[in-house]
Amino acid sequence: MLVVADVLVCYSQRSLAEIVEIIHTGVLIHKGIVNISSVADQSSSALTNLQIGDLEFGKKMAVLSGDFLLAKAFTGLAELNNTQVGYIHTKRVTLVMVKYIRKLLATMLHIHFDHMFTVCYRQFNYVIHSG
39 MLVVADVLVC YSQRSLAEIV EIIHTGVLIH KGIVNISSVA DQSSSALTNL
89 QIGDLEFGKK MAVLSGDFLL AKAFTGLAEL NNTQVGYIHT KRVTLVMVKY
139 IRKLLATMLH IHFDHMFTVC YRQFNYVIHS G
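Just add 38 to the spot in the sequence shown (first one is 1) and you have my numbering.
It is possible that some hints are incorrect.
Stated by the list, open to error - Listed below are the simulated DSS-like cross-link pairs for lysine-lysine, each with C-alpha atoms no more than 27 Å apart in a straight line: (1) 98 - 110; (2) 137 - 69; (3) 110 - 137; (4) 69 - 141; (5) 69 - 129; (6) 110 - 69; (7) 110 - 141; (8) 141 - 129; (9) 137 - 98; (10) 98 - 69; (11) 98 - 141; (12) 97 - 110; (13) 129 - 110; (14) 141 - 97; (15) 98 - 129; (16) 137 - 97; (17) 97 - 69.
To be clear, the hints were calculated from the coordinates, so they are not data collected in a lab.
In this text the structure is predicted, and so the values were computed from the model without any measurement.
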């Protein structure tokens, strides 16, 4: 037990709080990735090939960093040895990612893919629950 501001906090509670923050950070990193083609189009001056290459590298590093944080968070969830807590957070992250994908596709293609995502989500749930 850890004492924080005269309150006892279990190790598992603190670990879960840290895991939730890591998930939040990983999602924010993924959400903040720049669409390079839109930046190049909106730029008042043309970007050089070197600048575009730097942006591409940064984008790849951001994706990998976000993936790393999410992987570490889910490893931490597994180490808590509480399947119900792991299931709740995994489902929550899945729903958040589906929301961002819907928004991205709707923005890029000006089409709503509600039916397609409903089918994909049902298939995902089937795989999760049948295993």
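Broken hints, numbered, in rising order?
The structure conflicts with no hint, since it agrees with every one listed earlier.
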